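Participant: This is what each chain is made of:
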Amino acid sequence: MTKLYQGATGDWEAVIGLEIHAQVISESKLFSGASTAFGADPNTQVSFVCAAMPGMLPVINEECVRQAVRTGLAMGCKINLRSIFDRKNYFYADLPQGYQISQFKDPIVGEGHVRIDLEDGSTKDIGVERLHLEQDAGKSMHDQHPTMTYVDLNRSGVALMEIVSKPDMRTPEEAGAYFRKIRSLVRYAGTCDGNMDQGSMRADVNVSVRRPGEPLGTRTETKNVNSIRYVMMVVESEIRRQIDVLEDGGKIDQETRLFDVATGTTRTMRSKEEAHDYRYFPDPDLLPLEFSQEFVDELAKDMPELADAKKDRFVAALHISPYNAGVLVAEKESADYFEALLAATVTKSGKPLSELGTLVANWVIGDLFGALKKLGVGITKSPVSIDHASELLCLQIDGTISGRIAKEVFENMLESGKSPEAIVEEKGLKQVSDTGEIEAMIDEILAANADKVAEYRGGKDKLYGFFVGQVMKQTGGKANPQVVNQLLRPKLDG
Amino acid sequence: MSVDKETVAKIANLARIEVSEEELESTVGELNNILDWVEQLSEVNTDGVAAMTSVVAADLPWREDKVTDGGYREKVLKNAPQAEHGFFAVPKVIE
Amino acid sequence: MSELTKMTLSAARDALHKGEISAVEITKAHLAAIEDAKELNSYIMVTDDQALEMAAKADDMIKGGNAKGMTGIPIGIKDLYCTKGVHSQTASHILDGFKPEYESTVTANLWADGAVMLGKTNMDEFAMGSSNENSYYGPVKNPWRAVGSDKDTVPGGSSGGSAAAVAADISIATTGTDTGGSIRQPASFTGLVGLKPTYGRCSRWGMIAFASSLDQAGPLTKTVRDAAIMIESMAGFDPKDSTSINIPVPNYEAALSGDIRGLKVGVPKEYRVDGMPAEIEKLWQQGINWLKDAGADVVDISLPHTKYALPTYYIVAPAECSSNLARYDGVKYGLRVNGNSLDDMYKKTRAEGFGDEVRRRILIGTYVLSAGYYDAYYLKAQKVRTLIAGDFKAAYEKCDVILTPTAPSAAFNLGEKVSDPISMYLNDVFTVPASLAGLPGISVPAGLSAEGLPLGLQLIGQAFGEEQLLRVAEVLESAASFKEKPAKWWGEKA
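Residue numbers (our numbering), protein chains in the order written: chain A, 1 to 494; chain B, 1001 to 1095; chain C, 2001 to 2494.
Treat the hints with care, since some could be wrong.
What the hints assert, rightly or not - Lysine to aspartate or glutamate pairs mimicking EDC-like chemistry, simulated, CA-CA at most 16 Å apart:
hint: 1; chain 1: C; residue 1: LYS2348; chain 2: B; residue 2: GLU1039
hint: 2; chain 1: C; residue 1: LYS2099; chain 2: B; residue 2: GLU1023
hint: 3; chain 1: B; residue 1: LYS1066; chain 2: A; residue 2: GLU290
hint: 4; chain 1: A; residue 1: LYS381; chain 2: A; residue 2: GLU444
hint: 5; chain 1: B; residue 1: LYS1078; chain 2: C; residue 2: GLU2101
hint: 6; chain 1: A; residue 1: LYS78; chain 2: A; residue 2: GLU290
hint: 7; chain 1: C; residue 1: LYS2240; chain 2: B; residue 2: GLU1039
hint: 8; chain 1: C; residue 1: LYS2348; chain 2: B; residue 2: ASP1069
hint: 9; chain 1: B; residue 1: LYS1010; chain 2: A; residue 2: ASP277
hint: 10; chain 1: B; residue 1: LYS1075; chain 2: A; residue 2: ASP336
hint: 11; chain 1: C; residue 1: LYS2307; chain 2: B; residue 2: GLU1039
Said to hold, decoys possible - Sample of chain B residues facing chain C (criterion: CB under 7 Å; computed from the structure):
hint: 12; residue: ALA1051
hint: 13; residue: ALA1080
hint: 14; residue: ALA1083
Source of the hints: derived by calculation from the structure; they are not laboratory data. None of these values were measured; they are calculated from a predicted model. All C-beta atoms, glycine included, are put in the ideal place defined by N, C-alpha and C.
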């Protein structure tokens, strides 16, 4: 059932498409040997090619080709063995060539689709129209000087993948889920770092509204939206704005809009957008980009496992609940941490993977995520190393400490950064499993509480917990609960 | 097909070349002469003919992904009409 | 003037190698001759100091036993080549003051072999023209004048300065560039040998682009042997140019065996164009006879799409130029004319910086690529271009090399055709088809017109068939035995 928006005059349906620009992970630029590293001083990562000096020519970076193919494979798209680089001609201060080398008619990656997960537990397939390689522009700074704009060409020529969706989304939630999904795919595939605050990923958001069943309305395009939340805000506010305009008898202009973070709304660009005429034509400095199916197969063979496959594997092989598996794979770093921890724990404990999956997953999601959230840091900044974490879990698995003590040790690890073994040793937190010692303790307790023993034997079963509590109290919580049970029950039952 | 003043003004704007009102008139004539002359191509039957993409049969060479260039800001900015604080400077752009 | 300036490149090379003359001596002789020939306006910039430094180094190379074909040879470089720290403006105002921080691959190759740069030669702005009247630095005068006339004639274009310099003995040889005939037509107008190699034979890196799919570097020389020596130094694969071809450079001079017995020379009937002067028709027939006498077989061939070559060229070349010249925007280098906004600055800069012909071609190119016209013009032209290349392919089933006139007339008077672009364009009617097909062509001086002006014949070879092309050209050259020189009317009277 398509989500509808209520207006004063009836229902409306929104149609949303996203063009996502994802910066390719590569050492050097798409057509020049200058570095792509983020944050350098202005114009220090600029070659004569990047600055479009007279007589300079482009030579393609093979890794960028591979990355585009990998991304295409991750999205289940058709890979085009022959594609063409075109010039997109327009003038702008940070476009030194006066054209952007892009792919117009024949992109490197064709159609495919991705599946998005929605909050109600349902899924939806969103079509991918294409992916093409293109050059990024430089950066214009308008606020450094009262009458001048400053131009930094460090980004000029960095490889971008433009991933164009089909207009298959209908709600802000779907747009957000799609953006999140693409981000997850490129990050798992290792083709884009997805760092939105560094501009590695941004979206142009196309929105139109129509009466259900009617042809497409006029769309607006909001450029350079750089977070999932903002994409959802843009969609929400554009839907509302367009419905209001149309219901007031106005019409929607096909225009480029800008997102205003402060107000959470979009506004029309102040500069007069003239009718674009990009005059695309094949770049005569380059030949067609061609490769074999074997080249694609080779890349497919070496593709890293993607989130969906990982989730399925966690459920099937590790017996982790689908919900928890979903939580673990949502961010590649979490999944990586989990898998590394699981592997370390398997090695240390000697127990099989399938037995440890749930324990490790529960610890990561429950204990670790909770602690990280409190600390306000991401998993890559976790104060607890894989080594220490696996040590802690092993102490629990081999019965050295109880689950309750483990939590206490973990708290201590977060504060002190010490190894769990050291903490257990230092604080004498080792679990008491010595049956003789525990038996003597039980005898003492039963003798001291003869009245309660009598009540229990008289049918007051609930008192069992009282005796366990007494044992634990005496051992400072270190008594092995299983051993306590084994010994206590027969003694009480007489 | 021929161009009129309005079209020439539009093309000149796309090409970012200022053409004065007087020049516009003569430019219309010049361009139409040339366009009329190239018009003869329409008589060639090109059904099923592929457009030329490169005159030589060769494979596009691929470059290894290594940082081999850049890191010479002075040289990049040396010929700039106006450069300040390591940036190219242009008249202010309002978005 | 010194006899040193009268030497051919091969004679100078032999004398240098034998130590009979020094590079400094021959360089000085040429610098003096340049000073004497200022009114030809063939040099935009003379690099005296640099020339003498390079000559001294060349002498060291020779003494050290490392002499190559070009060592110590003083040459002029077309202003279109980027030469490090030296005026490189493609004779345009838009590149005002531009001194590149890099050296073009072709000139770097020449300097590595010990060639000596005398200076930068005049040309039609951005290589657009056939008379060298479109230079920001004023027209070049052809050393040749009609017998009994004191009217200036044009040296052809766009490599007019390069041609005039060699014809006037103020450079032993020069580099030119050929997009639609810019080496061959001026060679014909000035009694020289002009070679345009196969597209991809020489690197375009550091050559200021006019039309990327057509531009090629080549030499203008006094003899075919000179051309063979010089092209060997200029040519070669360059990983910085994606359209340069990785084929070894042969010893071209070794190919000049003088033996063309059994070789099949094609004569295309479509080159007998309406209104071709009888003397050119006659010269062509003479050429056919010379090659026959040398033992070649002459075959009639057909290149059916010949008449469409010029209109095709005048769509493709302007389209590419409109995009290639977008980088001249007053931001990174060259001229800036201030305006009240970025766009205003662009428009004023480009209006003032580009000359009439360049502006005309940018506008035509912008138009043929614009929305709604792309298919009818640009795409159509690229399809016809395929047919033109196909014509040559079919012809080479029947013949090894093709003989045609180089230009439809001898040099015309300065100012005669400036106001009629199309009649100017028709100058390239015989040279453009080979350019569109990427094939090598060479113009060889073959005789004088009734007015006493030089006329050339063109040989068109197969892709990368320069050895055979040069071999036939040398046979043609010896048969024609063209020894005439222009009567000196400039400078100090001899």
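Participant: Of all the hints numbered above, which does this structure not satisfy? Sort the numbers upward.
Facilitator: 1, 2, 3, 4, 7, 8, 10, 14
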